[in-house]
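Q: The primary structure of each chain is shown beneath.
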Amino acid sequence: QQQVKQSPQSLIVQKGGISIINCAYENTAFDYFPWYQQFPGKGPALLIAIRPDVSEKKEGRFTISFNKSAKQFSLHIMDSQPGDSATYFCAALVEGANNLFFGTGTRLTVIP
Amino acid sequence: KAGVTQTPRYLIKTRGQQVTLSCSPISGHRSVSWYQQTPGQGLQFLFEYFSETQRNKGNFPGRFSGRQFSNSRSEMNVSTLELGDSALYLCASSRNVRDNEQFFGPGTRLTVL
Chain A
-19 QQQVKQSPQS LIVQKGGISI INCAYENTAF DYFPWYQQFP GKGPALLIAI
31 RPDVSEKKEG RFTISFNKSA KQFSLHIMDS QPGDSATYFC AALVEGANNL
81 FFGTGTRLTV IP
Chain B
148 KAGVTQTPRY LIKTRGQQVT LSCSPISGHR SVSWYQQTPG QGLQFLFEYF
198 SETQRNKGNF PGRFSGRQFS NSRSEMNVST LELGDSALYL CASSRNVRDN
248 EQFFGPGTRL TVL
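Chains A and B, in that order, are what the protein sequence lines are.
-19 is the number of the first residue of the first sequence in this note's numbering; add one for each residue after it.
148 is the number of the first residue of the second sequence in this note's numbering; add one for each residue after it.
Read the hints as simulated data drawn from the structure, not as lab findings.
Any given hint might turn out to be false.
In silico DMTMM-like cross-links for lysine to aspartate or glutamate, where the CA-CA straight-line distance does not exceed 25 Å [what the hints assert, rightly or not]: (1) A/48 - B/222; (2) B/204 - A/11; (3) A/-5 - A/75; (4) A/-5 - B/222; (5) A/-5 - A/11; (6) A/48 - B/199; (7) A/22 - A/59; (8) B/204 - A/33; (9) A/51 - B/222; (10) A/48 - A/33; (11) A/38 - B/199; (12) A/38 - A/75; (13) A/-15 - B/222; (14) A/-5 - A/33; (15) A/37 - A/6.
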């Protein structure tokens, strides 16, 4: 059973556009929600993370929006660049467990 | 500061063999977690170690095992390899069990023939 559901599976965005990736979860015990970026041949790299006590967190061009009542969170990439082309994973875990549950990934392609 | 390092980067084994993978966490990080990444199943948690003790274990058969040493370095072992064990095995480290930020290494690509 997939504990974190992610969509879309793939996304094509024009340079300068906004990329939006969505995730949903069921386990209300989750209290830490990171996003990872993975390039081919590399391990996932931590991009940004949020806890459920805030509804939005922004770091540079990356923003997480969090809706606790809907059990959904999303990643927005503003001014998308070709260098952002990668696979993005959302994840969730319960505080202190260090057991990340990952979404299935979104392959983002930013075309010039 | 050096990142998480994993050795070897690539491995080719045959069915029935066993394999040991190594992970050195970021300096000062004491918690190490292992994940398996495959195209079909995605990223799945294997186990987590802290202070040389396994704290959590994912839903994998007993052929998958691990350990952690006093310097926080960790190894995972897979015995009696099966074709389905072909995957990218990723190690992630965090400062301690209360620090949720996990930093991943480049992984070990295991191919079972």
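Q: Hint by hint, note whether the structure agrees.
A: Verification of the supplied hints:
1. A/48 - B/222: Given that 25 Å is the threshold and the Cα spacing comes to 37 Å, the pair is violated.
2. B/204 - A/11: 19 Å, holds
3. A/-5 - A/75: Given pair residue -5 of chain A, residue 75 of chain A is violated - Cα atoms ~37 Å apart, limit 25 Å.
4. A/-5 - B/222: 42 Å, violated
5. A/-5 - A/11: Violated - the C-alpha atoms of residue 11 of chain A and residue -5 of chain A are around 33 Å apart, more than 25 Å.
6. A/48 - B/199: Given that 25 Å is the threshold and the Cα spacing comes to 36 Å, the pair is violated.
7. A/22 - A/59: This hinted pair holds, its Cα atoms lying about 24 Å apart.
8. B/204 - A/33: 28 Å, violated
9. A/51 - B/222: Violated - the C-alpha atoms of residue 222 of chain B and residue 51 of chain A are around 36 Å apart, more than 25 Å.
10. A/48 - A/33: 8 Å, holds
11. A/38 - B/199: Not OK: residue 38 of chain A and residue 199 of chain B at ~36 Å, beyond 25 Å, violated.
12. A/38 - A/75: 22 Å, holds
13. A/-15 - B/222: 30 Å, violated
14. A/-5 - A/33: Judged against 25 Å, a Cα distance of about 33 Å means the pair is violated.
15. A/37 - A/6: Status holds; Cα separation ~21 Å.
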